[in-house]
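As given, the protein sequences belong to chains F and Z, one line each in that order.
So the first sequence is residues 1 to 423, counted in this note's numbering.
So the second sequence is residues 1 to 423, counted in this note's numbering.
Please keep in mind that the hints were generated in silico from the structure rather than gathered at the bench.
Remember, predicted model here, so these are calculated numbers, not experimental data.
Take every hint as true, because none was put in to throw you off.
Since the list gives no way to pick out one identical chain from another, each pair is judged satisfied if it fits inside one copy or across any two copies.
Under the rule of at most 25 Å between Cα atoms (straight-line distance), these lysine to aspartate or glutamate pairs were calculated in the DMTMM-like manner: (1) K29 - E232; (2) K235 - E26; (3) K235 - E275; (4) K235 - E281.
There are 2 protein chains.
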Amino acid sequence: METATAVLADIFIMFLCAKLAGELFERLKQPAVIGELLVGVILGPYALGWIGVPTAEMIEAFHGEQLATEALHSIMEVLAELGVIVLLFMVGLETRLSSILSVGVRAGMVAVAGVVVPFVLGYAFVALVLGQPTIEAIFIGTAMVATSVGITARVLADLGHIRSDEARIILGAAVIDDVLGMIVLAVVSALGQGGTVSIGQIGLIAAQAIAFTVFVALAGRQAARRWSAQLERLKIRNAPFVVGVLVMLGLATAAAQIGLAAIIGAFLAGMVFAELSEQYEIEHKALPLYEFLVPLFFVITGSRVDWRLFMDGSLLGIALAVTVLAIVGKVVGCGAAALGLGWRRVAIVGVGMAPRGEVGLIVANVGASLAIIPSEMYSTVIIMSVLTTLVVPPVLTLLYGGQSANPDEVADYAVADGRLPDL
Amino acid sequence: METATAVLADIFIMFLCAKLAGELFERLKQPAVIGELLVGVILGPYALGWIGVPTAEMIEAFHGEQLATEALHSIMEVLAELGVIVLLFMVGLETRLSSILSVGVRAGMVAVAGVVVPFVLGYAFVALVLGQPTIEAIFIGTAMVATSVGITARVLADLGHIRSDEARIILGAAVIDDVLGMIVLAVVSALGQGGTVSIGQIGLIAAQAIAFTVFVALAGRQAARRWSAQLERLKIRNAPFVVGVLVMLGLATAAAQIGLAAIIGAFLAGMVFAELSEQYEIEHKALPLYEFLVPLFFVITGSRVDWRLFMDGSLLGIALAVTVLAIVGKVVGCGAAALGLGWRRVAIVGVGMAPRGEVGLIVANVGASLAIIPSEMYSTVIIMSVLTTLVVPPVLTLLYGGQSANPDEVADYAVADGRLPDL
Numbered sequence: 001m002e003t004a005t006a007v008l009a010d011i012f013i014m015f016l017c018a019k020l021a022g023e024l025f026e027r028l029k030q031p032a033v034i035g036e037l038l039v040g041v042i043l044g045p046y047a048l049g050w051i052g053v054p055t056a057e058m059i060e061a062f063h064g065e066q067l068a069t070e071a072l073h074s075i076m077e078v079l080a081e082l083g084v085i086v087l088l089f090m091v092g093l094e095t096r097l098s099s100i101l102s103v104g105v106r107a108g109m110v111a112v113a114g115v116v117v118p119f120v121l122g123y124a125f126v127a128l129v130l131g132q133p134t135i136e137a138i139f140i141g142t143a144m145v146a147t148s149v150g151i152t153a154r155v156l157a158d159l160g161h162i163r164s165d166e167a168r169i170i171l172g173a174a175v176i177d178d179v180l181g182m183i184v185l186a187v188v189s190a191l192g193q194g195g196t197v198s199i200g201q202i203g204l205i206a207a208q209a210i211a212f213t214v215f216v217a218l219a220g221r222q223a224a225r226r227w228s229a230q231l232e233r234l235k236i237r238n239a240p241f242v243v244g245v246l247v248m249l250g251l252a253t254a255a256a257q258i259g260l261a262a263i264i265g266a267f268l269a270g271m272v273f274a275e276l277s278e279q280y281e282i283e284h285k286a287l288p289l290y291e292f293l294v295p296l297f298f299v300i301t302g303s304r305v306d307w308r309l310f311m312d313g314s315l316l317g318i319a320l321a322v323t324v325l326a327i328v329g330k331v332v333g334c335g336a337a338a339l340g341l342g343w344r345r346v347a348i349v350g351v352g353m354a355p356r357g358e359v360g361l362i363v364a365n366v367g368a369s370l371a372i373i374p375s376e377m378y379s380t381v382i383i384m385s386v387l388t389t390l391v392v393p394p395v396l397t398l399l400y401g402g403q404s405a406n407p408d409e410v411a412d413y414a415v416a417d418g419r420l421p422d423l
Numbered sequence: 001m002e003t004a005t006a007v008l009a010d011i012f013i014m015f016l017c018a019k020l021a022g023e024l025f026e027r028l029k030q031p032a033v034i035g036e037l038l039v040g041v042i043l044g045p046y047a048l049g050w051i052g053v054p055t056a057e058m059i060e061a062f063h064g065e066q067l068a069t070e071a072l073h074s075i076m077e078v079l080a081e082l083g084v085i086v087l088l089f090m091v092g093l094e095t096r097l098s099s100i101l102s103v104g105v106r107a108g109m110v111a112v113a114g115v116v117v118p119f120v121l122g123y124a125f126v127a128l129v130l131g132q133p134t135i136e137a138i139f140i141g142t143a144m145v146a147t148s149v150g151i152t153a154r155v156l157a158d159l160g161h162i163r164s165d166e167a168r169i170i171l172g173a174a175v176i177d178d179v180l181g182m183i184v185l186a187v188v189s190a191l192g193q194g195g196t197v198s199i200g201q202i203g204l205i206a207a208q209a210i211a212f213t214v215f216v217a218l219a220g221r222q223a224a225r226r227w228s229a230q231l232e233r234l235k236i237r238n239a240p241f242v243v244g245v246l247v248m249l250g251l252a253t254a255a256a257q258i259g260l261a262a263i264i265g266a267f268l269a270g271m272v273f274a275e276l277s278e279q280y281e282i283e284h285k286a287l288p289l290y291e292f293l294v295p296l297f298f299v300i301t302g303s304r305v306d307w308r309l310f311m312d313g314s315l316l317g318i319a320l321a322v323t324v325l326a327i328v329g330k331v332v333g334c335g336a337a338a339l340g341l342g343w344r345r346v347a348i349v350g351v352g353m354a355p356r357g358e359v360g361l362i363v364a365n366v367g368a369s370l371a372i373i374p375s376e377m378y379s380t381v382i383i384m385s386v387l388t389t390l391v392v393p394p395v396l397t398l399l400y401g402g403q404s405a406n407p408d409e410v411a412d413y414a415v416a417d418g419r420l421p422d423l
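With the rest of the complex left out, here is chain F (with noise of 0.2 Å):
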């Protein structure tokens, strides 16, 4: 009992600094994802050690600060990991298989070239000018492969642009970027756990994800056309939002269960009720578990940050480097594929792609649980995540002149951008 009180009290303190940075941050015109991730640095162990510290009770019941403190981690990785898999269930809601097939040529190209060049730059730059050791430069390299497509929508859906053809191509190659590197950190998680590198053994484990992947999109999708008429029948309450979030979960543990990332299974469920979403307002009733467990989810991994480690002008250095690769690599790799459309254009796919977001931080997450990166790279790949996605914004607004938002666009797009749809 003292520990569930204990960590009620973290969880409070973690809720309502989240929301008290949430707030600032978008009087700021900022993300409030950023804000969330520096109050989890503050208060995390590292710095005011307000939360994810083992109380004197907790101490005595695992006989010692070291397993008590492990204790309180998986109390803490539970919450994240649901808050993660609330997150991409809802990005999944939001995007129609149809709409990734339809998008064309071009949000492909942008979102392989997306994939390729910063994963090319990040690998190159770890393995060959830090020397580090393949694996880790694979890690780094793929946290740098990911865009975050609710934060890329975000801002466009604030600049009031969101239904431009620079918008549509960047929506679309996101989303097909976030199945490719969910594919590339499925791959990844493989090798690392297996710690070797064989040919084979990547083409099995990208067959199982594509396979994995396709099938849960193909025929989830065909299940739920089918059988969505059968939600009406059942007696249990909010029986459409409750089988969804059961998918969600059911998903999420499959993919896991056989090695792939769990939110994987978590997007893959959401994309299978994406059709079923707007009948249903299932997305408007996850909302607000959203609400609830995401910001959990940052400030959490916030928290993981020792912020020590950037007094090291060296490291700093590293993180700034990887950064400004972060960032090349997105508007060098996806503004070339995305030529002929006018330089303007072209910078803002760029640009607009850059952002790694969540997504960045979750193959941290992963590459630290499986002990790949050391803690310097670690807070190396957050320093990034946190980088790219807070230099896009004032970017994003230069380039495009300073326009104001369109206000009935901006309501259009409320949903994704996590507003609430007036009823």
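Dock chain Z against the given chain F, drawing on the hints supplied.
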């Protein structure tokens, strides 16, 4: 990561089986909560062991099965705590202070009688019939004082009677009961520690508990009225819901920190927002949290029942006697204080006040940690807590049998009932 993955599988299994059982019990026209409790007993570590059993990785991480189980137990406890807090918050949202005050005198009588009669019965049985030491008898009496209103609230909501007179009396009495029970526990703990009980100390604890309850109920409502307009000026999304969750977590934490049950704080938080709930759809938005977290509380509660305790004949005899006294004590005490409402409501109030739930377990744990009560009496209190909890749903259903709430009433308080109103 392995721990989070393993717990994710547990959460999926719990949620899946809870909803399957819920569907079955809805079709049998029984409260879903009974199904959820039974699912917990069956899945739990003492039966099938599908949940609550640490994986090999966890056992390795915690240097042995005992601490790994303890860590997993802590994780489950946090999930269960969040569930029961959300449950009482939702019940509070249904409960306007004015409606509690309108039954205030009656509720106060029920609470006091519900403390005195079970305490006297428990003390008399252990001291006079069993011939155990006075301090032990006092402790068993104290364990019989508590009321854990969560399950009663859930059953009343499931059956469609949460806004009835008897429900308001039970809820009001439960709040008073908890304050009284806490004072008694503080006194008894001080006695148990061999120390003298300072009147000033008791006064301080009592004043703190009463001040907290009264201050939150009255000042909270004032604050909610005065500042509700400010909620609309906040930039964060879904500000009223987010602030509601914040106050829920904050008051639950505050209550726990001053020694009250966390659920009392959550209930008061709900009551503070009761008048704003409709305007801002707080209840509507909190419902998904309820749907996700509350079943976990009941499944986890069920999973803690060690049915093997019931195999020991002599222990079972004493435990059953204590259980009967615990129920009779509440039915007679609370019922007598509720006389004049008609026999059926008297019985409902008495039975509704009977569950000891986690509050009884807290007292047992305090007694065990002070080495006041021997392990057989500890097991007795646990059996009593479990049985008084398990017995309530079917008996209340029976008492309401053939008198199910009329559909209009159900629709009226549909939100408490977990049914979404039409939008």
